[in-house]
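Here are the chains, one letter per residue:
Protein chains: 2
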Amino acid sequence: MGKLLIVGSVAFDAIETPFGKTGKILGGAAPFIGLAASQFKVKSAIVSVVGDDFPQEYLDLLTDRNIDISGIEVVKGGKTFYWEGRYHNDLNSRDTLVTELNTLGTFSPVVPENFKNADVVMLGNLHPNTQMSVINQMEERPKLIVLDTMNFWMDNTWDELMEVIEQIDVITINDEEARQMTKEYSLVKAAAKIQEMGPKYVVIKKGEHGALLFHKENIFFAPALPLEEVFDPTGAGDTFAGGFSGYLAETGNISFGNMKNAIIQGSNLASFCVERFGTERMVKLEKHEVDARLMQFKELTQFNIELT
Amino acid sequence: MGKLLIVGSVAFDAIETPFGKTGKILGGAAPFIGLAASQFKVKSAIVSVVGDDFPQEYLDLLTDRNIDISGIEVVKGGKTFYWEGRYHNDLNSRDTLVTELNTLGTFSPVVPENFKNADVVMLGNLHPNTQMSVINQMEERPKLIVLDTMNFWMDNTWDELMEVIEQIDVITINDEEARQMTKEYSLVKAAAKIQEMGPKYVVIKKGEHGALLFHKENIFFAPALPLEEVFDPTGAGDTFAGGFSGYLAETGNISFGNMKNAIIQGSNLASFCVERFGTERMVKLEKHEVDARLMQFKELTQFNIELT
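From first to last, the protein sequence lines stand for chains A and B.
Everything in the first sequence is counted per the working numbering, starting at 86 for the first residue and increasing by one.
Everything in the second sequence is counted per the working numbering, starting at 86 for the first residue and increasing by one.
Not one of these hints is a red herring.
No copy labels: a pair is met if it fits in one copy or bridges any two.
Below, in silico cross-link-like pairs of lysine-lysine (BS3-like), each with a Cα-Cα straight-line distance of 27 Å or less: (1) Lys383 - Lys291; (2) Lys383 - Lys301; (3) Lys278 - Lys383; (4) Lys291 - Lys268; (5) Lys274 - Lys106; (6) Lys291 - Lys274; (7) Lys88 - Lys369; (8) Lys268 - Lys106; (9) Lys128 - Lys88; (10) Lys285 - Lys274; (11) Lys228 - Lys301; (12) Lys201 - Lys161; (13) Lys126 - Lys201; (14) Lys369 - Lys106; (15) Lys285 - Lys128; (16) Lys126 - Lys383.
Read the hints as simulated data drawn from the structure, not as lab findings.
Generate the whole structure from the sequences, applying the supplied hints.
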């Protein structure tokens, strides 16, 4: 059983979509990553920070899924990272109404001793220096380091971002961010440029338009499952990353062929995430549902042309 | 060898993209459809109209590809349909600068006698009454009738459009048009509503984001091949339709499983179309190139997850 180390925010989210509005609910990259990865046979741990306003029941949700939370620091008297956002009608864009970094603002990650030899490290979207600190704490080079980032770090911490992405294997990034990062409109050209910056594998997330995996001359594409209704896109990208890294940690096979499977697993899990608010769907998700939808992915994408 | 009847405009196009500008070149839906379908073992014919300003060399391009042009009426003293457009920098949108209907404005299609028993009829984007007139001229119900249309006909000839789509099997339409037609944002819901209007199969074209095929509970998705550069998108949708209908005419198999293959064939051919201006790439396209790129489509989309 592979070991997966997850680093990312643990947060309160308050979300408004055309379908309704939540109060403060469990959010942040790490819970979404962890819950998705818990669908696979992996030992996983989260490294993060919260305030003492963070409820035990949310921590229990994670331990119930066999996620090690000894690396989640609880700051006495501190407040948990809080994000509030409102999605537009098409759900493809959103306004951030409130961001309170709170304890996340001074987060200094500490990797638990028994995860310093993790096989796969999944670095959620955080300050590049925080991501780098985790890499530096590892006892040996992990088999695979996956990093997620966003335009905020490109705008504000470009040099630090470049330093950390030199050290990683796979970057996950959305299409607009890939274009911003490389000044290339073509995603094929953008992915080639990003590979020159360090990561041997580039995953470009296109939301409802699916995801692309690039490695040298190889390209693989996974669609998003067409759904009648996307209810709340929050956490879909992190769920994708959790499915991707969890599957690779379980199988221990980081060939391009197996990464294709990992991309499908991530897309499959993301299709559940968006069906309810926040982590609601993911905490109850069962293996037979995951398997049934994998069959739908096969039907959605597999064909059988014989060349004559 | 199946018979394919193609109805659509034959035109002069003048195109400007970020990569350059053409003079008057061969355009219109029917040449793109016919050239794509000529990659398959089919007997095909075009029904259309041009003026006597239309050069013999363009007609020769079609007959060189074994396309029967006896159904292309040449109007003495008439002028050929002319379209001039300019693409925006991202190539996803364009402005129409000039549309001169000319002889197409009074086009009354006449199906050649030996194509009144065609197996597959591909009705390119035209006035719904023109499309209906072709259906009415068929001696027997074709095995498959495919229809392409656009928002202009929804805005101006809704009732006539509804009448003709009741008679067909497959509609091809882009994502925005599917939404306009049904007032549904979700493409899954839109496709279900369109099926209630008549067509048993709905193909939704999403340009660079691929194409979806819907039939009852079944969905299939084909990506567009990620390209370093899209040079000129003109005719990509018609090329897709030509590949789709040409493959189905060749194989004579209209099962959902074979339609998946047809969607891939259409997407594959469209990926060549956009590499040069107008029909330039398609008139020189050879089977070994088509086959090689089909292998790329397999690598792009096929995976091998075994459920445990």
